[in-house]
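J.: Using the hints, position chain B against chain A.
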Amino acid sequence: MDIGKLATEMNRGFIQLLVMVMLDEPMYGYDIVKTLGERNFPIDENTLYPLLRRLEEREILSSEWRVEENKPRKYYFVSETGRQVRKELLRIWKEQELLLKSFAGEE
Amino acid sequence: MVRLKKHLDDVRTFLPGTDPDKVDEILKEIESYLLERAEREHGEINDTTVAMSIKEYGSPEEVAARYYEGGPIIAPHLKNYLFMYTGILFAIHLGLHLIAFVFGENGAIFSFRGTDLISLVSQLPVTFIFDFGLVSLILYFVTQAKGTAKLPHFTYFIREEKTPSIGKRIGSLIGTSAGAVITFLAFTYGPFYLGNGELTEIAIVALDSFKFGLFLAFGLLIIDSVSNLINIFNYSRFSKIVSNTLGLVFLFLAVSPDYKSDIASYLSLNPSSVDHPMLVAILFLMAIVLIVDLVFETIKFWASRIVRTN
Chain A
1 MDIGKLATEM NRGFIQLLVM VMLDEPMYGY DIVKTLGERN FPIDENTLYP
51 LLRRLEEREI LSSEWRVEEN KPRKYYFVSE TGRQVRKELL RIWKEQELLL
101 KSFAGEE
Chain B
1 MVRLKKHLDD VRTFLPGTDP DKVDEILKEI ESYLLERAER EHGEINDTTV
51 AMSIKEYGSP EEVAARYYEG GPIIAPHLKN YLFMYTGILF AIHLGLHLIA
101 FVFGENGAIF SFRGTDLISL VSQLPVTFIF DFGLVSLILY FVTQAKGTAK
151 LPHFTYFIRE EKTPSIGKRI GSLIGTSAGA VITFLAFTYG PFYLGNGELT
201 EIAIVALDSF KFGLFLAFGL LIIDSVSNLI NIFNYSRFSK IVSNTLGLVF
251 LFLAVSPDYK SDIASYLSLN PSSVDHPMLV AILFLMAIVL IVDLVFETIK
301 FWASRIVRTN
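Protein sequence lines correspond, in order, to chains A and B. The letter at position 44 of the first sequence is residue 44 when you use this note's numbering, and the numbering goes up by one with no holes. The letter at position 111 of the second sequence is residue 111 when you use this note's numbering, and the numbering goes up by one with no holes.
Chain A on its own, in the form it takes in the complex (with noise of 0.2 Å):
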């Protein structure tokens, strides 16, 4: 069975909780997804984009330009409403896991 789709959908949430996890410290872009590709968790640049965008609506991220080797670079980082946001959602991950490893038979 083909699990792509499955697979897409559970990443969702979990890239969003990652890049805030990520992001504590400011990266660019281009930056993130070489880190994660290093990780073996390759993400797709047009997938990684639009995401940071709409967090940054959300204002659970903060962004700002610098100029570095004569190349503009946007670099993002959590923004305080963020990091309330991201011991929410950790809290949530954490219990989720709890619960799926009492029902395995781990805990």
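Do not take every clue at face value.
Stated by the list, open to error - Think about it this way: if two alpha-carbon atoms lie no more than 20 Å apart in a straight line, the pair counts; the simulated DMTMM-like pairs of lysine to aspartate or glutamate are:
#1 B:Lys22 to A:Glu56
#2 B:Lys162 to B:Asp293
#3 B:Lys28 to A:Glu69
#4 A:Lys34 to A:Glu45
#5 A:Lys71 to B:Glu39
#6 A:Lys71 to B:Glu31
#7 A:Lys71 to B:Asp47
#8 A:Lys71 to B:Glu25
#9 B:Lys22 to A:Glu64
#10 B:Lys28 to A:Glu57
#11 B:Lys28 to A:Asp31
#12 A:Lys34 to B:Glu31
#13 B:Lys22 to B:Glu39
#14 B:Lys22 to A:Glu57
#15 B:Lys28 to A:Glu68
#16 B:Lys5 to B:Asp24
#17 A:Lys34 to B:Glu56
#18 B:Lys5 to B:Glu62
#19 B:Lys300 to B:Asp275
#20 B:Lys5 to B:Glu25
#21 A:Lys71 to B:Glu29
#22 A:Lys71 to B:Asp24
#23 B:Lys55 to A:Glu45
#24 B:Lys55 to B:Glu41
#25 A:Lys34 to B:Asp24
#26 A:Lys34 to B:Asp10
#27 A:Lys5 to B:Glu62
#28 B:Lys55 to A:Asp44
#29 B:Lys6 to B:Glu62
#30 B:Lys55 to B:Asp19
#31 A:Lys34 to B:Glu39
#32 A:Lys71 to B:Glu62
#33 B:Lys22 to A:Glu69
#34 B:Lys28 to A:Asp44
#35 B:Lys28 to A:Glu45
#36 B:Lys28 to A:Glu64
#37 B:Lys28 to A:Glu56
#38 A:Lys34 to B:Glu44
#39 A:Lys71 to B:Glu41
#40 B:Lys5 to B:Glu39
Note that these hints are calculated values from the structure, not bench results.
T.: Here is chain B on its own, set in the frame of chain A:
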């Protein structure tokens, strides 16, 4: 960097929204990524490496489409309203067309100038597309406004109705058949009036109009009886729609100048005596009742078939 500029222009074409600052920001970010990728993946920034990055990144449509996520043209929860409102609007529109058709006047809100059946039928697809477009446009604005507008949900039309028992269906058939027999007998042997004197001219007009009215009632009751007979074996709302439509067509043909005289002569009535004001008023009332019933039945038929499945 002509290639890069062209690519960004193409992406701009497909990007949603009209806020130029937002669009510029997105394009600036895409440009930044493409330059970064060209340098890091292909060694340096030049036309060739940028073109390679563009190719790897995806077509302008694909890139722009990603930014659509979460912003549908019509919100999914409004989809049911789209079909429901279109059905209701179309049914009302159909009723107005029929009024214009039966009474030979432009009674529709949106112009309907045809007076023959083919003109009416040919306008219905256009009417439907217009109604669908109008409702879509309204729901589009509701979606884009992102408001919490509470739209009326006409549950009356999609409420599951109990199929009448076989007894009720037989009762309906007996009722309409008895009505047809009574009108036939009244037409053939009646009307019964007291007095022996000669009828005045006014009385003759009234009498002929009355008999013509009986004939029309007989015709409508026969159509209803056939519909009720079919419903005994296979109950369907569609048969009601068909019988109402046939009833309207029958009324229209019977009172149209082309056929009225012939019908009156065939019934041994004076053609010039079958236009008593009372008859005209009753005909008007009958047509309105049929049209209103047809509109309601069409909405219910549409709602139960289309809205529930979407």
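J.: So if I understand the rule, the pair passes when the alpha-carbon distance is 20 Å or less; does lysine 162 of chain B with aspartate 293 of chain B pass?
T.: The given pair, whose Cα atoms are some 18 Å apart, holds under the 20 Å limit.
J.: With a cut-off of 20 Å on the C-alpha distance, tell me whether lysine 55 of chain B and glutamate 41 of chain B pass.
T.: 13 Å, holds
J.: So if I understand the rule, the pair passes when the alpha-carbon distance is 20 Å or less; does lysine 28 of chain B with glutamate 45 of chain A pass?
T.: 15 Å, holds
J.: Run the distance test for lysine 34 of chain A versus glutamate 31 of chain B: straight-line Cα separation, threshold 20 Å.
T.: Answer holds: lysine 34 of chain A to glutamate 31 of chain B is near 17 Å, not above 20 Å.
J.: Please work out if lysine 71 of chain A and glutamate 29 of chain B have their alpha carbons no farther apart than 20 Å.
T.: 11 Å, holds
J.: Take the C-alpha atoms of lysine 6 of chain B and glutamate 62 of chain B, compute the straight-line distance between them, and say whether it is at most 20 Å.
T.: 15 Å, holds
J.: Taken at face value, is the distance from the CA of glutamate 31 of chain B to the CA of lysine 71 of chain A at most 20 Å?
T.: 10 Å, holds
J.: Holds or violated: lysine 71 of chain A and glutamate 39 of chain B, Cα atoms, limit 20 Å.
T.: Roughly 10 Å separates the two Cα atoms, so the pair holds.
J.: Next pair to validate is lysine 71 of chain A with glutamate 41 of chain B; report whether the Cα-Cα distance is within 20 Å.
T.: 15 Å, holds
J.: Check whether the Cα positions of lysine 22 of chain B and glutamate 57 of chain A lie no farther apart than 20 Å.
T.: 11 Å, holds
J.: If you draw a straight line from the CA of lysine 5 of chain B to the CA of glutamate 39 of chain B, is it 20 Å or shorter?
T.: Roughly 17 Å between the alpha carbons, so the hint for lysine 5 of chain B and glutamate 39 of chain B holds.
J.: Hinted pair, alpha-carbon criterion (20 Å max): lysine 55 of chain B, glutamate 45 of chain A. Please report holds or violated.
T.: Judged against 20 Å, a Cα distance of about 13 Å means the pair holds.
The structure fails to meet hints 13, 19, 25, 26, 30, 32, 33 from the earlier list, while all remaining hints are met.
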